[in-house]
Amino acid sequence: MATVEIEDGRIERSRSWLTTSSNVEAINIEWTLYEQVAAAAMDCQRLDVAKDCIGVLSKQFPGSMRVGRLEALLFEAKGEWADAERAYALILENNPFDQIVHKRKIAIAKAQGDMALAVEYLNKYLELFMADHDAWRELAETYVALQMYKQALFCYEELILAQPTVPLYHLAYAEVLYTMGGLENLQTARKYYASTIQLTGGKNTRALFGVCLCSSAISQLTKGRNKEEESSELQSLAAEALLKEYKQRAPSKEALITNLLKNMKLS
Amino acid sequence: MAEELVLDTAIRDWVLVPLSVVMVLIGVLRYFVAKLMRSPSASPSPDPKLVKEGQVVIRARNLRMNAQYIPAKAFKSRKVYYTNEENGLLHVPKEEAQKAQAAMFSDPNMAMDMMKKNLSMIVPQTLTFAWVNFFFSGFVAAKIPFPLTPRFRGMLQNGIDLSTVDVSYVSSRSWYFLNLFGLRGLFSLILGEENATDDAQKMMQMGGGFGGNPTMSLAAEKDSLDIIQHDWALPKMEHHAEEVLRKLLKK
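Chains as they are written, first to last, in UniProt numbering: chain X, 1 to 267; chain R, 1 to 251.
Keep in mind that the hints were calculated from the coordinates and are not lab data.
None of these values were measured; they are calculated from a predicted model.
Even for Gly, the Cβ is constructed at its ideal location relative to N, Cα and C.
Be aware that a few hints might be false.
[Claimed, not checked] Simulated DEER-style distance windows between Cβ atoms:
id	chain 1	residue 1	chain 2	residue 2	range
1	X	Gln248	R	Ile227	26 to 36 Å
2	R	Ser77	X	Lys262	35 to 45 Å
3	X	Lys203	R	Asn84	36 to 46 Å
4	R	Ser77	X	Gly201	30 to 40 Å
5	R	Gly54	X	Leu90	19 to 29 Å
6	R	Lys49	X	Leu256	56 to 66 Å
7	X	Leu90	R	Gly192	33 to 43 Å
8	R	Ser77	X	Ala111	47 to 57 Å
9	R	Lys52	X	Lys265	51 to 61 Å
10	X	Ala116	R	Ile227	39 to 49 Å
Work the whole structure out from these sequences, hints included.
What follows is the structure, given as structure tokens:
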């Protein structure tokens with residue numbers, strides 16, 4: 001609520017600035033500012049303000065595609081999906097490679113709760129713009145939400161390929177693998193948790209927990225037939241790091257974590 | 001060998017300076033003419049195939065450079081997906097490659113553009129050259145302040161067939177050529193950085209324009225993807241992670 005009010009104040013201020021100011025600078029950035037204010041107004045549901053701004057813009061730039069996008073966005077904000085789709089289709093007719101519009105269409109499908117349609121649109125989009133890693137990420141998260149882990153894995157692999165130094169992708173990949181289960185997947189998951197630890201310098205608590213969980217799951221699966229000694233002391237180190245972290249940050253929960261680790265036979 | 005030649009100041013006033021000024025003016029004029037003739041639609045909607053091919057190349061390059069971060073199975077399936085001979089993304093059938101080139105040559109728009117560029121370059125050049133030849137042939141226009149070996153005679157004394165004149169004297173026709181190719185810095189000052197009309201560069205572009213089609217880069221990417229070995233980096237990561245944690249615990 002507070003943020004909305006702050007945003008409101010900001011919009012009011014920029015609006016009054018727009019109407020009163022006559023300095024040279026304003027002329028240059030005036031229209032960009034209108035666009036930004038319109039988008040911000042839609043963000044905090046001030047549709048009247050957004051409508052005013054878009055009205056001014058469409059008077060200034062009749063037939064502009066950028067303004068057309070804003071108008072369609074306003075339909076979306078009102079929840080008039082059919083109108084929004086029609087507006088976007090119109091833009092796509094003139095410029096079939098408008099990435100933003102394609103993404104908006106996916107967002108509409110998602111906003112309506114039609115995940116299958118969103119996935120279909122995303123796949124179609126990625127067939128053409130296959131180097132757009134944000135779209136891959138969206139698709140990966142959608143697949144995870146739909147519990148289609150194999151497909152999600154593929155998307156996360158694609159993300160790791162695109163940006164191998166982002167630890168969050170390694171972490172997400174490991175988590176999907178852990179969720180899928182099975183000895184091989186668990187071992188791979190542990191490796192990716194390890195790489196997350198390496199990339200974050202051991203600061204990622206989730207990865208530390210992940211290593212512990214993976215190790216205990218693996219040891220349960222291979223109980224009795226200890227064919228290959230998982231030599232590493234990674235899990236005990238991770239457990240120690242966890243304990244230290246909790247001691248420093250949340251001493252009251254230390255007993256909890258000690259118990260948990262004891263249950264996993266790690267400390 | 002000739003002693004010091006004394007150049008008439010009238011030559012400076014009526015040959016050297018006018019020639020330079022005219023060259024600059026023609027350069028500026030040509031820039032504006034080229035701007036007028038340029039097709040009004042600067043960015044027509046791109047060919048979907050071209051867009052896709054560019055994206056495929058980026059993605060394949062990512063795979064090639066960061067292959068060690070994904071498991072071997074994932075890498076293998078991707079490699080097949082990109083490079084298989086039937087419908088791999090990077091595989092370009094031979095006929096299609098030829099067709100693409102043929103299409104490029106026969107595309108009337110492209111030919112038109114080339115023509116325009118050519119016209120804006122060649123017509124003024126021939127005209128000025130004829131003009132210089134007609135009015136200013138045979139002058140010794142300037143002297144450069146340092147000695148040069150006789151090999152430079154062809155470059156600096158074009159139009160004067162005297163082997164006895166010292167090489168550091170510049171003939172008027174050579175002065176024209178020096179101006180033609182050497183005024184780029186001045187143009188970038190007058191017309192702004194990216195507007196400089198660089199003849200040499202233009203010629204390069206014309207020559208290489210046909211070579212750099214995307215199908216070529218697809219094939220190149222396919223070749224380099226074919227030869228890389230997959231070496232999974234993650235097993236090593238566990239040891240690295242151990243070290244990191246040990247360091248963290250010691251602190």
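How the hints compare with the structure:
Between glutamine 248 of chain X and isoleucine 227 of chain R the beta carbon distance is about 50 Å. The supplied range of 26 to 36 Å is therefore violated. Hint check: serine 77 of chain R to lysine 262 of chain X, Cβ distance near 41 Å, so the stated range 35 to 45 Å holds. Between lysine 203 of chain X and asparagine 84 of chain R the Cβ separation comes to about 42 Å, which falls inside the hinted range of 36 to 46 Å. The hinted window of 30 to 40 Å between serine 77 of chain R and glycine 201 of chain X holds, with their beta carbons roughly 32 Å apart.
Separated by about 27 Å at the C-beta atoms, glycine 54 of chain R and leucine 90 of chain X satisfy the suggested range of 19 to 29 Å. Between lysine 49 of chain R and leucine 256 of chain X the C-beta distance comes to about 59 Å, which sits within the given range of 56 to 66 Å. A beta carbon spacing of about 37 Å between leucine 90 of chain X and glycine 192 of chain R agrees with the range 33 to 43 Å that was offered as a hint. Roughly 34 Å separates the CB atoms of serine 77 of chain R and alanine 111 of chain X, a value that falls outside the hinted 47 to 57 Å.
The beta-carbon spacing between lysine 52 of chain R and lysine 265 of chain X, approximately 53 Å, falls within the hinted interval of 51 to 61 Å. Distance hint check for alanine 116 of chain X and isoleucine 227 of chain R: the Cβ-Cβ separation is about 40 Å, which falls inside the suggested range of 39 to 49 Å.
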